[in-house]
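Q: Okay, here's what each chain looks like letter by letter:
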Amino acid sequence: MQTDEAPPLVSMRQIVKRFGQFVANDQINLDLAAGEIHALLGENGAGKSTLVKILNGLLQPDAGEIYWQGEQVLLKSPRDASEVGISMVFQQFSLFENLTVAENINAAFTEHDTHGFGVRALADRIIEIGEDYDLNLDPNRPVHTLSTGERQRIEIVRALLRHPKLLILDEPTSVLTPQEAEDLFLTLEKLASGGCGILYISHKLHEVRRLCSKASILRNGRLVATCDPKSTETVEMASLMVGSSVPELRAPALHKIGDIRLHVEALSLPSQDIHGTDLHHINLDVHGGEIVGIAGIAGNGQSELFAALSGERLAQEPRHICIDTLPAGLLDIESRRALGAVFIPEERLGHAAVPDMRLSDNLLLSRHGTDNLIHGGLIDIRRSHRLAHDVVLQFDVRSASKNPYARHLSGGNLQKFIMGREILAEPGVMVVNQPTWGVDAGAATAIRQALIDLAAAGTAVLLISQDLDELFDLSDRMAVIYAGRLSQTLPIQNLTREMVGMMMAGSEVDHAA
Amino acid sequence: MDISQSVIMTIMTAATPLLLAALGELIVERSGVLNLGLEGMMATAAACGFAMAIVSGSTTVGVLCAVLSAMALAGLFGFVTLSLGANQVASGLALTIFGLGLSGLIGAGFVGTSRPPLEPLFIEGLTDLPGFGKIIFGQDFFVYTSWILILAILIFLHLTRAGLTLRCIGENHHSAHAIGLPVLKTRFRAVLFGGACAGLAGAYLSLVYTPFWSPGMTAGRGWIALSLVVFAAWRAERVLLGALLFGGATVLQLHAQAASLGLPSQLLSAVPYLATLIALVFMSLGRKSGTVTPGSLGQPFVPER
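Protein chains in written order, with the working numbering: chain A, 782 to 1294; chain B, 2 to 306.
Hints should not be assumed to be uniformly reliable.
Just a few of them, taken from the derived set where beta-carbon distance is under 7 Å, the chain A residues facing chain B [to be verified]:
1) PRO859
2) PHE877
3) ALA888
4) ALA889
Looking from chain B toward chain A, a few residues come up when the C-beta cut is under 8 Å (computed) [stated by the list, open to error]:
5) THR161
6) LEU165
7) ARG168
8) CYS169
9) GLU172
10) SER176
11) ALA179
12) GLY181
13) LEU182
14) GLY296
15) GLN300
16) VAL303
Derived by calculation from the structure, the hints in this document are not laboratory data.
A virtual CB, placed ideally from N, CA and C, is assigned to each residue, including glycine.
Construct the complete structure from the given sequences, taking the supplied hints into account.
A: Structure below.
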């Protein structure tokens, strides 16, 4: 490894990682210099997370070497990684809800790390770092009272207190508003200019172009390209990630906007969960033929609103929720389905589908009452098989066997199945929460197209999402949910990303605009 | 010794086995493990402790053997649930059934035996510690230990790094693992500690409370200790309160039985259990802010490799 130049900060060589038959990382090479902001790009399942878990000591590679400043290192645990100077900020935060900010940070340190600053001094250090990098935090607040953006700050401060030479961030902006994301970028640039290397995992190309000076692109566990994102076309990077050109959405056929099919009026519902969000006086109309989007950062009442609309929790009075003008606020899920509504929750495995049931049984879950599938208490198994097969064919659900268990499908294919199951029920109203979360680009496009076509056929679609691109692509009108309150619904033409971003962060926007 | 002092003494005597077992279980549950085998561990420890005390003629040996036997059972539970990732509820129930059976086997030869009257129930040295009067604090080794345990647990949980680590692991083992905390090692230690405490509780029953062995002498105290932990919201000081309440009700019903109020004695015997449960339910109804259940309680943790 002797060269004239200084060795890179970290070098991964021929990294291989297998899970059973599946090769998650196949001979991957990666070099990252000090002060460089390096993007790791790829679809879900491309092997990004596996690679950084190896770099962080959480997983052991089956083959390959890691060199740190030119010296070979073995990273057997996150402790080993942090000792050489590698810190990681996870996509799913490693936080403890009932502990304070300071306790959360303290927990990640050993006695050895805190040598020189005790628990009390730690609070001062947290405030100090906060001032240096614009990461303000109150050390004594319990975590469950904090917003997602603030929680992420804890993770970053926790990482920075170790004085890392390499900081790894896994999809850090997926939980942030556009403004919060920009603040994060400024912090990262400040860090990099101080000589810290940054490995930035993302699948959002515009962010990578904004922030990173180098990008490594993974696909199906292999490194397919390394490029300069600032000089490479977005379309080119996208097709490298996906492996083929990304299909575009077709505009809907010309159709009329019909009557109100979903009407929500003054819906208020206190949360049952101590960490949940109360719903306050929500008003909303969705007409047949339109898609109404609801934007918002996770945890602002989306799951509570979904539960109230689907009937998992009942409203206080029938008139608070009307489906096709019929008061439905006190009806259970099955009765609401009988009125022609369908509901697709955010969590695919466990909420929308049962992992250990076959697709034909999963079809029964939501359609047992409406499709003539039960006769005298007995299931018409041939019919459920046929209907499941219809979904598989029409929605291009790919799997190894004909009627697989739900858990054997990839996220994208399972979501296509769930969408298909509800769409073939020919709903009048659809409420869908995060339909393309964690789904590969091809499946996401197919799902979005299905929603557009469904609305064009006269269904009222309510789309709850945290993906602003998706909301702007699909919605006819949009509202923002913040702290359990829903903003006015505005036509998409009257909205900009900046306005929506500010509303997501809780500031009032002049609706007269 | 006047009457009120003797009443306090009896209340504490009745409360101590519950307190010991519940404090151990509190640490186990705070680490995220639910060990329902408390009753079984206590029964085995009671039988083992009594048998070994008879055989060796030494209370100290008896107590040691009681603690070790309960720890051995806890170790078995830890191996099955932590190393093998088995279901904690099923394993805990199996442990109770196994422990009760084992205690019958161990104690079979000792039914009807009572301890030689010469054998002191007090551990010499601790009773004579300066600064503590014999009447209130000089009760016996077990009461004394239980009081130290409460203090030690409060300090451990809230002021030490190891305590913080334990709370983190109990609250969210995935996060704890991700930031490099030793989940399984910490839990195994907690389970062993819980076993040791259950062992002390069992030894107390057969060596102090009623100094003989009879099958089923734990009489559901393991289950009461388990519910104490839940209703006390996983807080040591509330466990103490609940245990004293149980002790108080026990003494009260004994007096009621002696005064022959005409109520069936079976009903009166049930009073301490009922009173404790009711009081604890009200206590847990009263708490409002913050969920306190350890987030990972009862969930097996299997790290990916």
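Q: Against each hint, give a clear statement of whether it holds in the structure.
A: How the hints compare with the structure:
This hint holds: PRO859/A has a C-beta 4 Å from the nearest C-beta of chain B, less than the 7 Å allowed. Restraint check, PHE877/A versus chain B: the minimum CB separation of about 5 Å is within 7 Å; hint holds. The interface hint given for ALA888/A holds, since its Cβ lies 5 Å from the closest Cβ of chain B, which is under the 7 Å cut-off. For ALA889/A, the interface hint holds, since its Cβ comes within 7 Å of a Cβ in chain B; the closest pair sits about 4 Å apart.
Violation of the interface hint for THR161/B is found here, the shortest Cβ-Cβ separation to chain A being roughly 10 Å, above the 8 Å cut-off. For LEU165/B, the suggested interface contact is upheld, since its CB lies about 5 Å from the closest CB of chain A, less than 8 Å. The criterion of a C-beta within 8 Å of any C-beta in chain A is met by ARG168/B, whose closest approach is roughly 7 Å, and the hint holds. Residue-level restraint check for CYS169/B holds (minimum Cβ-Cβ distance to chain A is 5 Å; threshold 8 Å).
The interface hint given for GLU172/B holds, since its Cβ lies 5 Å from the closest Cβ of chain A, which is under the 8 Å cut-off. Hint status for SER176/B relative to chain A: holds, with the closest Cβ pair at about 4 Å, below 8 Å. Hint status for ALA179/B: holds, given a least beta-carbon distance of 4 Å to chain A, under 8 Å. For GLY181/B, the interface hint holds, since its Cβ comes within 8 Å of a Cβ in chain A; the closest pair sits about 4 Å apart.
Taking 8 Å as the C-beta contact cut-off toward chain A, the hint placing LEU182/B at the interface holds, the least distance being around 7 Å. With a cut of 8 Å, the hint placing GLY296/B at the interface with chain A holds, because the nearest CB-to-CB distance is about 7 Å. The closest approach between the C-beta of GLN300/B and any C-beta of chain A is roughly 14 Å, which is over the 8 Å cut-off, so the hint fails. The beta carbon of VAL303/B is not positioned within 8 Å of any beta carbon in chain A (closest approach about 14 Å), and the interface hint is therefore violated.
Violated hints, listed in ascending order, are 5, 15 and 16; each of the other numbered hints is respected by the structure.
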